[in-house]
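Residue numbers (the working numbering), protein chains in the order written: chain E, 1 to 257; chain P, 1 to 358.
Check each hint, because a few of them may be wrong.
Unchecked claim - Label-pair restraints from in silico Cβ distances:
| no. | chain 1 | residue 1 | chain 2 | residue 2 | range |
| --- | --- | --- | --- | --- | --- |
| 1 | P | E17 | E | S142 | 20 to 28 Å |
| 2 | P | K14 | E | M254 | 38 to 46 Å |
| 3 | P | A332 | E | S72 | 55 to 63 Å |
| 4 | E | S139 | P | L159 | 26 to 34 Å |
Claimed, not checked - Here are some, though not all, of the chain E residues that point toward chain P, as calculated from beta-carbon distances under 8 Å:
| no. | residue |
| --- | --- |
| 5 | A52 |
| 6 | E136 |
| 7 | I253 |
| 8 | M254 |
Stated by the list, open to error - The list that follows gives simulated cross-link-like pairs (lysine-lysine, DSS-like), each with its CA atoms no further than 25 Å apart:
| no. | chain 1 | residue 1 | chain 2 | residue 2 |
| --- | --- | --- | --- | --- |
| 9 | P | K25 | E | K17 |
| 10 | P | K25 | P | K14 |
| 11 | E | K120 | E | K78 |
| 12 | E | K189 | E | K120 |
| 13 | E | K118 | P | K14 |
| 14 | P | K166 | E | K88 |
| 15 | P | K260 | E | K88 |
| 16 | E | K16 | P | K296 |
| 17 | E | K120 | P | K16 |
| 18 | E | K120 | P | K25 |
| 19 | P | K296 | E | K88 |
| 20 | P | K80 | P | K56 |
| 21 | E | K120 | P | K80 |
| 22 | E | K118 | P | K24 |
| 23 | E | K223 | E | K189 |
| 24 | P | K25 | E | K118 |
Since the hints were made in silico from the structure, they are not lab data.
Quantities reported herein were computed from a predicted structural model and do not represent experimental measurements.
Note that CB positions come from ideal geometry on N, CA and C, so glycine has one too.
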Amino acid sequence: MKEMLNIKNLSAGYPKKRIFEHFNVTDIDAGNIVALVGPNAAGKSTLLKSIASLINVQGEINLGNDNLVQLSQENRSKIVGYMPQHQKTDVELTVLEALITALKVYTLDHNDNSEQTKTKAFDVLEQMDLIDIALEPLSNLSGGQRQMASLAQAIVRKPQILLLDEPTSALDLNHQITVMKMIKEYASKGNIVIMVLHDLNLASRWADILVVLNNAKIYSSGKAFAVVTPTMLKEVYQVEARVENCSNGYLQIMVDA
Amino acid sequence: MSVTNQHIPVLKAKRKEVEQLYAKKLSRRWLVLIALGIACLLSFCLDISTGPSLLKFSDVLKALFTPDSVAKGTSIIIWKVRMPYAVMAVLVGMALSLAGAEMQTILNNPLASPFTLGVSAAASLGAGLAIILGIGIPFLSENWIVSGNAFIFAFGSVLLLQALAKWRGAGVDVLVLFGIALVFTFNALVALLHFIATPEALQQLVFWNMGSLARSNWDKVQVLSIVVAIIIPFSMLASWKMTALRLGEERAQSFGINVKRLRFFSMLRISFLSATAVSFVGTIGFIGLVGPHIAKMLIGEDHRYWFPASLLTGALVMSLASVASKLLVPGALVPVGVVTSLVGIPVFLYLIIRKGKK
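Start from the sequences and build out the full structure, keeping to the hints where you can.
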């Protein structure tokens, strides 16, 4: 199942506004974490939605020999998991019920009896340290807890491609690390994780590949040390900044102005 | 992982505890459903035991189980009047409450119901056209022409909402606003009919608009019970997908659900349920709003339980409203629509305040 992801000639957008034209990202290896970074309105979230085919898409999104664009929505959902940027705040379902729903909603769990479904849901809750809030309605949770629960809903289906839109934006430092470690382990099992991140230090630390988007085009992509440069920060983000190596070898961005 | 080795036994114990609590929660839901079923049955019995003719309870029982042992009049009152009214109350409550629950989910709006989105107002217009202008479906008998018209208009109004849903760029919020606009439009047209009506026709239409079980008969009960019996299994089949839709449209899509298709078939179920119910009994306010909300408070939002609970709370509230409509003014039958609206308004306000607080 070690298949490579290639996005070729992708055109995507909304009914009245096309965002991407002939967009290409190639050679994303199984086991890789890709961080999509860039300023606001660069097209990061739209790219994630395109890969999940939640919006109108033309072109090829190839995982191995399969073009995901041509799969039915149901079959695609078994391969691609998506965590949206915003979570609804008025949902009375509990964290556990949301996970069970994620598993049962389609034929994904066709041969599973309820016990197996429950076990899968509880395994993810345990893994993410969410057991304490398993029976809490989503509407009662804090922003951070709700974000963790949302990530759990995407991960519980064990998709080969996991798309995460700002998975750590509402999390404290400790939970950011928890989530990143979990994502790392998930990818290490041969899955591909593509996530939108605003925190460049976090992206540099955890992603194998950084893709810098600007005006729906790739400005640069590659390893963090090659991509995160003062020039990029100046040209893409319009900020004066230094990029330094800290003692443990990770990049650290210092914004001056 | 976030969990260190020394935490594992604690976590396992906690997991077991939560698993047990979840199992208890599921059992409790079944108990709530059974309790609601029993409450419906009791309310139904109360409904057929009360009425303007003030029959003794013993006579009611005799008429039910040994109809030959009571006076013919008593037997007729029970079997031709009270029984169809009481069954109709339960069926209308079920239909409107289930339609309301489905509507709240697909429109992502806790205040959506067939009443608030113009289905009842459309039915009034259809009925008004038949009563005042005599415009109706050809070949329908005199008894059915008002209901037939009301059904066509109510069904058409939901289809209109549905057409808008398919319209490019129209989100669910736009749909809700459109539904509210429909209420005002239909009400204005009904007012116009009032203006041109003869005094007799006007009285008839005003009474129709109040919503009353008094126009029930076994034929209508039969039609509505068939509609409800056919729709319920389809609603239950969609319950997982509808639960997933509560997590958000994009989330549901990412789970492989064709949300447009789900909405289309749900709207179709809503059309049949609400249009049939309203066309037989007239404007019945708030059941479609109150029923699902009481059910949600009792049982949560897992649609596998919420749909059946909504059916039962709708039936219960409507049946109790039917009892109240007979007891409010002794010896008279107050239109049941008046009662449901009076009960519904405080509940509606409570929901708005609760939503505001959140």
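So, going through the hints one by one against the coordinates:
Our hint of 20 to 28 Å for P/E17 and E/S142 holds, since their Cβ atoms are close to 22 Å apart. For P/K14 and E/M254, the hinted distance range of 38 to 46 Å is satisfied, since their beta carbons lie about 42 Å from each other. Between P/A332 and E/S72 the CB atoms are about 60 Å apart, so this pair conforms to the stated range of 55 to 63 Å. For the pair E/S139 and P/L159, the supplied restraint of 26 to 34 Å holds, since their beta-carbon distance comes to about 33 Å.
Contact between E/A52 and chain P, as hinted, is supported at the beta carbon level, the nearest pair being about 6 Å apart and thus within 8 Å. The restraint placing E/E136 at the interface with chain P is violated, with a minimum CB-CB distance near 11 Å, outside the 8 Å limit. The criterion of a C-beta within 8 Å of any C-beta in chain P is not met by E/I253, whose closest approach is roughly 26 Å, and the hint is violated. The beta carbon of E/M254 comes no nearer than 29 Å to any beta carbon in chain P, farther than 8 Å, and the hint placing it at the interface is violated.
Annotation: proposed proximity of P/K25 to E/K17 is violated, straight-line Cα distance about 47 Å (limit 25 Å). Taking the CA atoms of P/K25 and P/K14, the gap is near 16 Å; set against the 25 Å cutoff, the hint holds. Restraint check: the Cα-Cα separation between E/K120 and E/K78 comes to about 16 Å, which is no more than 25 Å; the hinted pair holds. A C-alpha spacing of about 17 Å is found between E/K189 and E/K120, which places the hinted pair at or below 25 Å, so the restraint holds.
At most 25 Å may separate the alpha-carbon atoms for a hinted pair to count; E/K118 and P/K14 meet this at roughly 15 Å. At most 25 Å may separate the alpha-carbon atoms for a hinted pair to count; P/K166 and E/K88 meet this at roughly 23 Å. In summary, the hint linking P/K260 to E/K88 is supported, as the alpha carbons are separated by about 19 Å, within the 25 Å threshold. This hinted pair does not check out: E/K16 and P/K296 have alpha carbons roughly 38 Å apart, beyond 25 Å.
Restraint check for E/K120 and P/K16: satisfied, since their Cα atoms lie roughly 14 Å apart, inside the 25 Å limit. Taking the CA atoms of E/K120 and P/K25, the gap is near 19 Å; set against the 25 Å cutoff, the hint holds. For the suggested pair P/K296 and E/K88, the alpha carbons sit about 17 Å apart, so the restraint of at most 25 Å is met. Restraint check for P/K80 and P/K56: satisfied, since their Cα atoms lie roughly 17 Å apart, inside the 25 Å limit.
Distance restraint check for E/K120 and P/K80: the Cα-Cα separation of roughly 55 Å exceeds the 25 Å cut-off, and the hinted pair is therefore not satisfied. Between the alpha carbons of E/K118 and P/K24 the distance comes to roughly 14 Å, so the proposed pair stays at or under 25 Å and holds. Only pairs whose Cα atoms come within 25 Å are accepted, and E/K223 paired with E/K189 is accepted, the gap being roughly 21 Å. For the proposed pair P/K25 and E/K118, the alpha carbon gap of about 14 Å is at most 25 Å, so the pair holds.
Of the numbered hints stated above, those contradicted by the structure are hints 6, 7, 8, 9, 16, 21, listed in ascending order.
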